[in-house]
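Now for the letters of each chain:
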Amino acid sequence: MLRLLLILFLFIPSAHSYYNDWGLKGALGMNYQSIAGEDESSDNIVGLTVNTQFGYRWDQFELDLASYVTFGKSHNIHFKVGDELQAIVSGMVRTVNFVPLLKFYTHWVPIQKRNLYFSAGPSFSLRTFWTNNYTVLTGELDEGYKITYHDTGIFAAVGIEELSTFKEENPSYFEILFGYTKSRKITVVDASNNQKVRVVHSDEAGPNIRTIILMFNLGITFF
Amino acid sequence: MRKSVNHIFLLFILFQVNLGICGDLTLNKLATTNNLDPNNYKMMSDEQAGKQIGPTYHYHYLDRYHSVGENLKNLGTVYAITWGLYFATQPEAWHEGSWEAWKKNFGKVVFDQDEPFWNWFVHPFAGSQLYLFYRANGYSRIDSLGMSFISALLFEFTVEIYTEPASIQDIFQTPVFGSILGLGLETASLYFLNSGNAAGKVLGHVLNLYTLFWFYEGKIKIVPMYDGPKSAAITFTETF
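These protein sequence lines map, in sequence, to chains P and E. Under our numbering, think of the first position of the first sequence as 1, with each following residue one higher. Under our numbering, think of the first position of the second sequence as 1, with each following residue one higher.
So here's chain E without its partners, still in its complex pose (with noise of 0.2 Å):
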């Protein structure tokens, strides 16, 4: 019995170890200490586990339930910044387009006849950023999918018609593409950020800037604890 719990913990470790969550300090103590047979793992002297052992981080996803205040704090704050930075990015818009236009435009759809520059890109690219926000947020896929919608649909029937009509094109592609976008952002951003090394860390949160903020709830803290070789653990914290 004993020695199946031991595999068990070993065949764990060598998983975390997979996963590039932390070195494989402990595996030759491990191994020595219950009865395996060492040479079939990867092997690594005292003085290196010593070295690596102290915290060290694992990107991920954390999904979990939302109240519906929470739903309508996260939307609120995305609506606020759509309206502020609708303005920064074309400060144009501000002249070109007036509250009567505003009520002229109220509830009307069209299909736009913006250039493929906007609507494959810049929408999509907008998209994406809603997606990976709610992700940041605890948000599962689907649920981050629909968050943007509702926040797409916020900004084209209340914010975009101070200067042109509702565009069918942008309602849809925005959280459809973004949302493909984003998830291929997400993919490729946790690979570099738990690759383990400097330069993957910062191409993994450029990818993904809401790593980087407070709300980003995946961040976990990962602490080997080595004493000696009755003694080996490894803790793992979560904030949320």
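Same shape as in the complex, but just chain P (with noise of 0.2 Å):
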């Protein structure tokens, strides 16, 4: 079994649209993301998503900054900023993740005239909340607040790209994404003013505030 999975991985030879050049992809997509909040709080949130890779190939290897950024509406969730602030909240949520992403293509093509590949990285990102509904428990939010979170984690990826013969053909590609984050930093941000926004409080965030993502991106290469 595994000799003939080498022999489907390495030997059969498949055609890629490029090699040795950049790329720039971008692509549509749903996710669904676990948000746990503090004192156990937690929320699961569906939503859209809009990718974009831009990187380098070789001939099986690629190296791409990609961007994943999520939009969803969360429904409770327990925010806590040290000592000064706490308080439920309800309301939309938008996550930018960066991700340095190695991608490996394979040589096998389950289906046809696309093959398949395997992407991971590290992700970092900055989630925000606004806060169009909360309950304040202790401390102060005002309208137009809205909290942030810094987080790092790690995307990993598997997904099948269309053979082509041409770049200018533009290959579709679809994947599965599974990430991970862990928050790191807790921000209340003022932008009652969109022009200029304010820090009004910043603290480590709690232990427990992490993310578990499932998206599923559907994109072609530009060019």
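Source of the hints: derived by calculation from the structure; they are not laboratory data. All C-beta atoms, glycine included, are put in the ideal place defined by N, C-alpha and C. Relax, there's no trap hidden among the hints.
Quick list of in silico lysine-lysine cross-link-like pairs, DSBU-like style, CA-CA up to 30 Å:
id: 1; chain 1: P; residue 1: K185; chain 2: E; residue 2: K103
id: 2; chain 1: P; residue 1: K182; chain 2: P; residue 2: K73
id: 3; chain 1: E; residue 1: K201; chain 2: E; residue 2: K219
id: 4; chain 1: P; residue 1: K167; chain 2: E; residue 2: K219
id: 5; chain 1: P; residue 1: K196; chain 2: P; residue 2: K185
id: 6; chain 1: P; residue 1: K185; chain 2: E; residue 2: K108
id: 7; chain 1: P; residue 1: K196; chain 2: E; residue 2: K104
id: 8; chain 1: P; residue 1: K185; chain 2: P; residue 2: K73
id: 9; chain 1: P; residue 1: K196; chain 2: E; residue 2: K103
id: 10; chain 1: P; residue 1: K73; chain 2: P; residue 2: K196
Computed from the model, here is a short list of chain P residues facing chain E with C-beta under 10 Å:
id: 11; residue: W22
id: 12; residue: G23
id: 13; residue: V50
id: 14; residue: L65
id: 15; residue: F124
id: 16; residue: S125
id: 17; residue: L126
id: 18; residue: T128
id: 19; residue: K146
id: 20; residue: Q195
id: 21; residue: V197
id: 22; residue: V199
Make one complex out of these two single chains by using the hints.
Here it is, written out as structure tokens:
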């Protein structure tokens, strides 16, 4: 079995649309996030993802700088910023994830004209919660404030990319991505004046603030 | 053999007509002169054809090699403009920032807390203009993205730090989202510019202002020449 897999992965040739060249890709997708907040509060979010990847491809390897921007709506997440603020917040949530991504393209073509790849990399994220509805437990939270988390974590994906003769054919790709992030820092920002935002509080995030992410992205190579 | 050549020439003309480059002024004459059935092609009287003789323009992009000197000149031009535009569009930045802040922020990269208006509209729009500027100067799509990346890095690390540290979102989103937006503007503007009507041309130029500048290298002048049934030609002139 192992030998068969090795043959499939290494010796059956496939034709990528470009080698030794730069490329820009973009995708739209759906994401599911399980967010754990303070005091065992949690929420499951389903939303949209915008994905872009810019990088250099060798023969089977590709090094990308990727961004995954997710949108969704959270309900009743418990936030704590030191001793200064505790609140339960519901509202829009947006996460910007930047991932230096290493991709490995196998030679395996599991579906017609589409070959399999794996990718993984560390993630650096900013998660922003808008405070549309909130209950303040201690401290002060005003209209127009937003709460942001700085997260670090890891992203890994498995996907298929269309085999085409030229990059100009805009080969498509589909990937399933798993992510795990842990919050390092929490900040309360006064965004009531969108010309000039102001940091109100900032502190280390609690030890249990983490997110599990599942994404399905469908995109193309632009050029 | 001669008939084959005639067919190829006729197909070439048809191809150009299909692209909207020139009118089909010569089709009827070509068809007649080359013993082809003129009924198979769109016919036009000599009077109509005569009206169309004169230069027309086709807009496209010409990708070419650039020397290091040219790259530095283009980067320098954009860099100088960004200094001017930054303070022209945000005059308060001059008072809010300082050279002390510049020194303090030098080399720092942070996640900015800016509102979506800035990160999702202003920076990608600025990036699209960088992309279109480099495209107009003859850079390929991917090279335009690369040059936009360098310009964005220069701006973030040496201009904007007058008021705030460099932002990781801006460094990525300005050239990457900007290039995707720029690609859309490029495609739309070429479609309108080559549509053959005045309103389309105006819209095409509005979407992509760089097509109006002297450094835009993709404007081809097309002069159809028709001098009786035995002589027809098209001259393409491109300046770069």
